[in-house]
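Chemist: What follows is each chain in one-letter form.
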Amino acid sequence: MKLKNEWPIYYKKDVVTHYCPGCGHGIVHRIIAELLEEMDLGKRTIGVNPAGCAVLAYNYLDFDMIEAAHGRGTAIATGIKRARPDLFVLSYQGDGDLSAIGTAETIHSANRGEKFTVIFINNAVYGMTGGQMAPTSVLEQQTTTSPLGRSPDVDGYPLHITDIVAEFKGVVYAERVSLSSPKNIRRTKKAIKIAFETQVDNLGYSIIEVLSPCPTNWKMNTLDSCKWIDNVLASEFPLGVLTDKRETK
Amino acid sequence: MNKVFISGNHTFAEAAIRAGCTCYFGYPITPQNELGEYMAVHLRKAGGVFVQSESETAAINMVIGASSTGARVMTSSSSPGISLKQEGISFLAGFELPAVIVNVMRGGPGLGNIAPAQGDYFQATRGGGHGDYRTPVLAPGSVQEIADLTYLSFDLADRYKTPVMILGDGMMGQTKEPVVFPEPVKSLPEKEWALKGCGDGPSRYMASLVLDTSEMERHNWKLERKYQQIAEKETRYEAYMMDDAELVIIAYGTTARIAKGAINRIRKDGIKAGLIRPITLWPFPKKILQELARSIKQFIVFEMSTGQMLEDVQLAIGGMADISFHGRPGGIIPTPAEFARFVYREYQEKKGLKS
Amino acid sequence: MAKEKKKYQVVVKKDLCKGCCLCVEFCKPQVLQTSENINQMGYNYAEVVDQKACTGCMICTLVCPDLVLEVYYE
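Residue numbers (numbering that gives the first Met the number 0), protein chains in the order written: chain A, 0 to 248; chain B, 0 to 354; chain C, 0 to 73.
Pulled out of the complex, with its shape left as it was, chain A reads as follows (with noise of 0.2 angstroms):
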């Protein structure tokens, strides 16, 4: 018998990753690792893993990875893309990394349209550090710093950083998918595919934002998760295209 699903080559063999079961990161990993191999760019990708649940990510994906300090993804990508053109550069952000501490790298490298991809993992709360509040996460959702649910007085709102930057001129292609269904994993790898060819074709800035489930800090069992995706997180965070500039390039 033959196998239908070979293992994907730029995915470490048989690794066991420490993500907890039911997180959305190995499902990103895999289509990552997916298009790479379908799309031939593999041998010249530099991924920039960020600090959060994926910063071990460099022992479970097998292209070149260069660690980022906390927020600093969109950065560093700007450093290497910048010296190195003809390299395919993905920037794999958290929600903290991409939209607290590293806001100003994000809308900066959005506003100068630098040529990579971005890859945004919202999951609404801190994962590798016990489950504390993020920018994106929803009103009364109860986290370890929000523990009486998030209360406009004193958290403000769900921060929709991936709206403002597809405004932003620069910014060629940007879409909000989620992995809370097979539906939405086969929509989440067509996303994905457009932002890699958008880099492809030198176009400019791609961004996809990925509602991603985080059993373990949500409280929730895998399912409720996708359920809490599709009920509650999607209708804070709306799924579909947010720009799409690539006729006018």
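No wet-lab data here; the hints were simulated from the structure.
Each hint should be verified, as a subset may be incorrect.
In silico lysine-lysine, DSS-like type, Cα no more than 27 angstroms apart, as pairs [claimed, not checked]:
1) A/3 <-> A/188
2) B/232 <-> B/195
3) C/5 <-> A/3
4) C/51 <-> A/1
5) A/218 <-> C/13
6) B/195 <-> A/42
7) A/182 <-> C/5
8) A/226 <-> C/13
9) B/195 <-> A/11
10) A/11 <-> B/190
11) C/51 <-> A/3
12) B/349 <-> B/271
13) A/182 <-> A/168
14) A/248 <-> A/192
15) A/12 <-> A/188
Short, incomplete list of chain C residues facing chain A, as computed with Cβ under 7 angstroms [said to hold, decoys possible]:
16) 19
17) 25
18) 70
A virtual CB, placed ideally from N, CA and C, is assigned to each residue, including glycine.
Since chain A is already given, all that's left is putting chains B and C on it; use the hints.
Modeler: Just chains B and C, lined up with the frame of chain A:
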């Protein structure tokens, strides 16, 4: 280009370009804005990359990215902006990535002022980022030396795979002097360790995270051995009028120049003063001071601060000789006459105590 | 002439499975279930309960975060 009349800030940039620097990332801050502006024109003309980043923090991280691909990279700032770069410098040390960071010092702490000072000695030589690392620090004393040391800094950075800091000050940044630049570098060796995409080979990654404590300890000692090697091979200083000196002045950068003016004056009064000018602040030239302290018993440290290099001198020769200090912080530029008077008084006092 | 139906076989690498249950939930023909036994990591791993029902739709491999499932065909 043979001999050019050029400012210190412009010289940092021109020398970097000639040394093969292909990427500059920086944010404007007085008194070094002209450095970035020169890069915006001339580095781009030379086919290099200039990006005005959104902050000094972003700039040092762009430096990390570009350096990881093997490029020769520079960033520059002044005191408060260098504070913002400390995390990035620590990361460069942890990654073992080369880079050149220029600090054109100004008054501090906090926002301070835009006048020249030497208040960042501790920051430069003692960290100022976190973790067990050291940063080689070069201190030019003239615009010509800015050209020479900037050119050298890229070689040191590459040779030892370390960030290197050049410590200037607002006065030498603005001063224009005649400079003969080194010839542009013709070719540079390939950096096998650089990230280029894995190609058909195994993938590599660069990380400063080392969760396993035994591995981290090994890494820390490996770095320490590297710094010891640098200390053995790269310590530099200038000895001025030391042949018959009975009193040693220790000063660096602009202050050393002022000291030379003071020495010329007091020599006329018969006081045999000499100068040891550290050119590397880290590694600090303690060996020569220890040798001198066996026979010379009066040392005067002179800084544009409240006394930072003073502590390195005390560490080196404390107890072996008398050490006194004259400092002007806050952006005040002392005059040769003022320092000459101080040295004269110190000399007389010490003589008075003896007899 | 009727097209010969492909035969599929799902293999679960049970020692890599973290028992997240996504494959069990999203497999429409219900080929998989959560085992009562635990693997080396202590998780109730996914196991094949009705191999013949597999249609080769690959949804299990799509949702699995840990590349635990292999689908063979002939």
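Chemist: Measure nothing beyond the straight line between the CA atoms of residue 232 of chain B and residue 195 of chain B; if it is 27 angstroms or shorter, mark the hint as holding.
Modeler: violated, 31 angstroms
Chemist: Mind checking the alpha carbons of residue 195 of chain B and residue 11 of chain A for me, to see if they're no more than 27 angstroms apart?
Modeler: holds, 19 angstroms
Chemist: Need the status of pair residue 182 of chain A, residue 168 of chain A: alpha-carbon distance at most 27 angstroms?
Modeler: Not OK: residue 182 of chain A and residue 168 of chain A at ~30 angstroms, beyond 27 angstroms, violated.
Chemist: Within 27 angstroms, alpha carbon to alpha carbon, are residue 226 of chain A and residue 13 of chain C?
Modeler: Between residue 226 of chain A and residue 13 of chain C the Cα gap is close to 26 angstroms, so the pair holds against 27 angstroms.
Chemist: Is it true that the CA of residue 51 of chain C sits at most 27 angstroms from the CA of residue 1 of chain A?
Modeler: At roughly 17 angstroms apart (the allowed maximum being 27 angstroms), residue 1 of chain A and residue 51 of chain C satisfy the hint.
Chemist: Keeping to a limit of 27 angstroms between CA atoms, is the pair of residue 349 of chain B and residue 271 of chain B held or broken?
Modeler: holds, 14 angstroms
Chemist: Tell me if the straight-line CA distance from residue 3 of chain A to residue 188 of chain A falls inside 27 angstroms.
Modeler: holds, 18 angstroms
Chemist: Minimum Cβ distance from residue 25 of chain C to chain A below 7 angstroms?
Modeler: holds, 5 angstroms
Chemist: Under the criterion of a CB-CB separation shorter than 7 angstroms, is residue 70 of chain C in contact with chain A as hinted?
Modeler: At 5 angstroms from the nearest chain A Cβ, residue 70 of chain C passes the 7 angstroms test, so the hint holds.
Chemist: Identify whether the interface hint at residue 19 of chain C stands, where standing means a beta carbon of chain A within less than 7 angstroms of its own.
Modeler: Where the cut-off is 7 angstroms and the nearest Cβ of chain A is about 4 angstroms from residue 19 of chain C, the hint holds.
Chemist: Against the 27 angstroms threshold, does the CA-CA distance of residue 195 of chain B and residue 42 of chain A hold or violate the hint?
Modeler: Holds: residue 195 of chain B and residue 42 of chain A sit about 9 angstroms apart, inside 27 angstroms.
Chemist: With the threshold set at 27 angstroms, check whether the alpha-carbon distance from residue 182 of chain A to residue 5 of chain C stays at or below it.
Modeler: holds, 24 angstroms
In summary, the structure is inconsistent with hints 2, 13 from the numbered list given earlier, while agreeing with the others.
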